[in-house]
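Peer 1: Protein chains in written order, with my numbering: chain A, 1 to 343; chain B, 1 to 338.
It should be emphasised that the hints constitute simulated quantities derived from the structure, not laboratory data.
Heads up, the beta-carbon is just placed ideally off N, CA and C, and yes, glycines get one too.
It is possible that some hints are incorrect.
Residues of chain A placed beyond 12 Å of chain B at every Cβ, according to the derived structure [unchecked claim]:
{"id": "1", "residue": "His16"}
{"id": "2", "residue": "Asp33"}
{"id": "3", "residue": "Gly104"}
{"id": "4", "residue": "Leu134"}
{"id": "5", "residue": "Gln149"}
{"id": "6", "residue": "Glu160"}
{"id": "7", "residue": "Ser167"}
{"id": "8", "residue": "Val232"}
{"id": "9", "residue": "Arg306"}
{"id": "10", "residue": "Ala312"}
{"id": "11", "residue": "Val339"}
{"id": "12", "residue": "Ser342"}
In the SDA-like style, the derived pairs of lysine to any residue whose C-alpha atoms are separated by at most 25 Å in a straight line are [said to hold, decoys possible]:
{"id": "13", "chain 1": "B", "residue 1": "Lys282", "chain 2": "A", "residue 2": "Asp153"}
{"id": "14", "chain 1": "A", "residue 1": "Lys25", "chain 2": "B", "residue 2": "Lys282"}
{"id": "15", "chain 1": "B", "residue 1": "Lys275", "chain 2": "A", "residue 2": "Thr275"}
{"id": "16", "chain 1": "B", "residue 1": "Lys148", "chain 2": "B", "residue 2": "Gly166"}
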Amino acid sequence: MDKQQPLLSVKNLKTHFFMDEGVVKAVDGVTFDVQAGQVFGIVGESGCGKSVTMKAVLRLVDPPGRIVGGEIMLRRTNEDGSTNEAIDLVKLDANGKMMRDIRGAEIALIPQEPMASFSPVHTIGDQICEAIMLHQSVDKRAARKIALQMLKDVGIPIPEQRLDEYSWQLSGGLRQRAIIAMALSCNPRLLIADEPTTAVDVTTQAQVLRLLRRLQEQRNAAIIFITHDLGVIAQMADSVMVMYLGLVMEQGPVETIFHNAKHPYTQALLRSIPTVTMTPRVNLPTISGSIPHPFNKPKGCPFHPRCEKSIAGKCDARTPALQAAGERQWVSCFLYHDVEVSA
Amino acid sequence: MTQNNQRLLEVKNLKKYFPIQKGFFRKTVGNVRAVDDVSFFVNEGETLGLVGESGCGKTTTSRCILRAMPPSSGEMLFRTKEGNVVDLAKLNRSELHPLRVQMQMIFQDPYGSLNPRMTLFDIVGEPLLVNGMTNRKEREQRVAELLKLVGLRPEYLQRFPHAFSGGQRQRIGIARALSVNPRLVVADEPVSALDVSVQAQILNLMLDLQKRMNLTYLFVAHNLSVVRHFCDRVAVMYVGKIVELSDTLELYAAPQHPYTAALMSAVPVADPRIKTGNVELKGEVPSPANPPSGCYFHPRCEYAVDKCKQDAPVFREIKPNHFVACHRAGELKLPGIG
Ligand SMILES: Nc1ncnc2c1ncn2[C@@H]1O[C@H](COP(=O)(O)OP(=O)(O)OP(=O)(O)O)[C@@H](O)[C@H]1O
Ligand SMILES: Nc1ncnc2c1ncn2[C@@H]1O[C@H](COP(=O)(O)OP(=O)(O)OP(=O)(O)O)[C@@H](O)[C@H]1O
Ligand code: SF4
Ligand SMILES: [Mg+2]
Ligand SMILES: [Mg+2]
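So that you can see chain A by itself, here it is in the shape it has in the complex:
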C-alpha cells in the first residue's frame, strides 16, 4: 500500500472461532500495512475483532479459534541491521522456536487485561529479567541492570525498590508503566498496545501516551495502538484503521480519517461522540440500531442495516472490498467503487 517496505503486512487475514452454536467470523478478511517508526491506530466498537487480529499476528489464537486464511508478512532484520526477506507468520508453527523468538523479542504485546501481564507470585524484577534472558544471551546480573534501566526509562520513581515488589503493590499508573517496561525490555521493533489506557485515569492516560510516543521516537519502533476511544486515536496515531464486524471499513492518515472520512460508519462514529468544542446538552446524532450478534452477521456490507446511505439491492447483497479512494485512503463502500469481496 506504500512505496516503503512495510514492517508488517497483513493480507486478507481470516480468523474464525468454531463453536458448538456456529462459527464466529471474528476476523474476516483484514488487510493493512504497518511501517517502521509509525503509530498505527485500530479503532472500532466492542467485538469488531481488534484483539483477535492482534492475537493472530502473535499466533496466540487458541482453539476453537483458528486462522483460516490470509498472510501475515513480517520483515526481519539481520544481525548487522540490514533487512531480510519477509516471512509469513501464518506458515510458522505457533509454538515453534522461531515464533517464540519473534514473540517478545521482535513483536511485544501490552495485553488488554493488565492483570494478564504479570504473575502475582513473582516480583516485577524477576519477571522482566526472565523475559530478557529468554531472548538475549545475558546473565542474571546484566539482565537486572537492563530491567532497572527500563523501569527508569518509563519514569518509575525509586526503580531499585520497585524491582523487588509485586505487581499488585503498584498503583494502576505505575503498573501500566511496568507493563510497558517489560514489553520494551527486548527492544521489539513492533509493539502492540491493546487498549493500554482503558483502565487508567485521564491524567495517567496522558502520561502513558506521552511515554509511548517518546519511546517509539527514540527507538524508531512501530506501535499498533488499539482503542475504542476516538480522542486517544486522534492524539496518538499516524494512520488509522476503522473496523466493524471483523472487517476494515476505512483506513488512512489520521488527518484524513478525522477531517475527510469517507465511510458512512466512520462519519457516523465521529458525529456521535461529544466533543469539548460543541454546544452542550443537545441531542447527539446516533447510529440507528445496534451491533448485530456475531452469529447473525448481515449479508452484504456488514454496516448496511444501520447505514443511512445504503443502496438497496447492492449493499444488502454484496460485500464491498477495501479499495483505494484517495491519497493513501482506502474504503470498503459501494458509494466510492464497485469492487466486491471475492468469495
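Put chain B with the ligands on the given structure of chain A with help from the hints.
Peer 2: Below, chain B with the ligands without anything else, positioned relative to chain A:
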C-alpha cells in the same frame, strides 16, 4: 427547561471515614478519608457532574446521599415532594423508606447490575411491587409504558437480561430506576461501559427523560467530554474534597484550580489538529488514608507556594457560583479547553 433555583439537595460538610483496623482486636489505627468535608447543592431539574480521578470519593459521596451507607458526619438536606426539607443523614430506616422512591440510582455496569434470573417484567416491576403496586395487571401496564419510554419494545416483557445488548441493558436499568417516579437520579458512570454509538443513544435518552419528567441528576463520570456535554454544573474532587465547582462552560474554558486545569489539559480531543496533553501532571494521587499537609494537591502543583504546604485552602466563592479551594485562585491564569 423547567430548571428553577429551588434546591432539591444541599450537602453540607459531608464526611465519610472508613476506619483502618489492624491486629487481632481490630484496633482502629487510622481512617480512609474517602469523603472529607464536602459541600454542594443541586437545584431541581439540573444536572450536577462529579468528576475526579479513581478513588477521589465520587461513589462514596453518591452512596452516602442515597443512604446506601451512613455518613460519618455532615448534613444532606433534601426537599421532599411535599416541600419539607429533611436531613437524610439523621433519618432512620423507617423514616427513610418513603423517601427512597424519590431517589434512585443508575449503575455503571449494565451486565452486573441486573439479576440474570429475573425477567424484564420482574426487574422493572420490582420497585413498583415493593412500593405497594400489588395488582399484576396494573404493574404490567406500567412496565410496558416504562419500556416504551426508554425505547424498548413492550413485547420483551418475559425475556431475561442475557438476551439484550449492553445498550439495551442500560435502558432496562434506567426504566427500573424511573419506575417509581424519582426526583433525584444518581447516575454513577452510566455510559462508561458502553460503546460510543450506544453512549450517544443513552445520553440522548437521559436528556430527553430529564426534560419530560423534570428529573434532577447527579452524574458521576470520568470522561470529561461527556461531562461537558451533559452537565449544567461540575464539581471536581481530589482526595475526598471538592476543589472546584462552577458552571460547566466556565469551568472548562477558565478553570481556577491548578488540578482542574491539569485534568482539562489531559482530555484527549478527538481532533488530530488540536494537540492536547501538554501540561504534565507529575506524581501520583496521594492515599486518602494519609493525605499530604496543607493543600492536598501541593506536592503535584506547579504553582505551589510555602503557604500551600502548611494551610489547607478554604473552599470559597471567588465569583458568583464559582467555588474554588486554592490559595492562589484568582491570581493564576490557567489554560482551559473548549
Ligand atoms: N476465545 C473466543 N471464543 C469465541 N469467540 C471469541 C473468542 N475471542 C473472541 N471471540 C469473538 O470474536 C469477536 C471479536 O472479538 P475481539 O476480542 O477481537 O473484539 P475487540 O474488537 O477486541 O473488542 P473489545 O473492544 O471489546 O476488546 C467477538 O465477537 C468475540 O465474541
Ligand atoms: N467500604 C470501604 N472500606 C474502605 N475504604 C473504602 C470503602 N469504599 C471506598 N473506600 C475508599 O474510599 C476512597 C474513595 O472511593 P470511591 O469508590 O468513592 O472512589 P471513586 O471516586 O468512586 O473512584 P472510581 O472512579 O474508581 O470509581 C478510595 O480510597 C477507596 O479505596
Ligand atoms: S493551593 Fe497551592 S498547591 Fe493547592 S492548587 Fe492552589 S496553588 Fe496549587
Ligand atoms: Mg479487545
Ligand atoms: Mg466510583
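Peer 1: Hint by hint, note whether the structure agrees.
Peer 2: Each hint, compared with the structure:
no. : hint                     : result
1   : His16                    : 22 Å, holds
2   : Asp33                    : 20 Å, holds
3   : Gly104                   : 29 Å, holds
4   : Leu134                   : 31 Å, holds
5   : Gln149                   : 21 Å, holds
6   : Glu160                   : 18 Å, holds
7   : Ser167                   : 16 Å, holds
8   : Val232                   : 5 Å, violated
9   : Arg306                   : 9 Å, violated
10  : Ala312                   : 23 Å, holds
11  : Val339                   : 27 Å, holds
12  : Ser342                   : 30 Å, holds
13  : Lys282(B) with Asp153(A) : 15 Å, holds
14  : Lys25(A) with Lys282(B)  : 44 Å, violated
15  : Lys275(B) with Thr275(A) : 14 Å, holds
16  : Lys148(B) with Gly166(B) : 18 Å, holds
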